[in-house]
Amino acid sequence: MRILPVKEMECSEKELRILILMTLLVWIKFFVVDYMIADVLNWPSFGTMKIHPVRHALRALAVAVPSLGAILSVIIPV
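Heads up: the sequence shown at position 1 corresponds to 158 in our numbering, and the numbers run straight through without jumps.
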């Protein structure tokens, strides 16, 4: 198996700004939308935990992972 040489990616300032903006949008989506969805769903499997912030974070993470996968499948070309 032969390893092909890899070209370094050159990122312009505009592309870097877009990447930072998209990262911030996904981060805000996690803290706003996913926390609200997790609160509405109120899954009982995470309800046995005594630590409230951890319980909410796990619920939000359970909601965020599939939606983040959908976002990344649209953004990143195959």
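It is possible that part of the hints are untrue.
[Stated by the list, open to error] Distance condition first, Cα-Cα at most 25 Å in a straight line; then the derived DMTMM-like pairs of lysine to aspartate or glutamate:
no., residue 1, residue 2
1, Lys-207, Asp-196
2, Lys-186, Asp-196
3, Lys-186, Glu-172
Hints listed in this document are in silico derivations from the structure and should not be mistaken for laboratory results.
Against the structure, the hints:
1. For the suggested pair Lys-207 and Asp-196, the alpha carbons sit about 16 Å apart, so the restraint of at most 25 Å is met.
2. Restraint check: the Cα-Cα separation between Lys-186 and Asp-196 comes to about 14 Å, which is no more than 25 Å; the hinted pair holds.
3. In summary, the hint linking Lys-186 to Glu-172 is supported, as the alpha carbons are separated by about 21 Å, within the 25 Å threshold.
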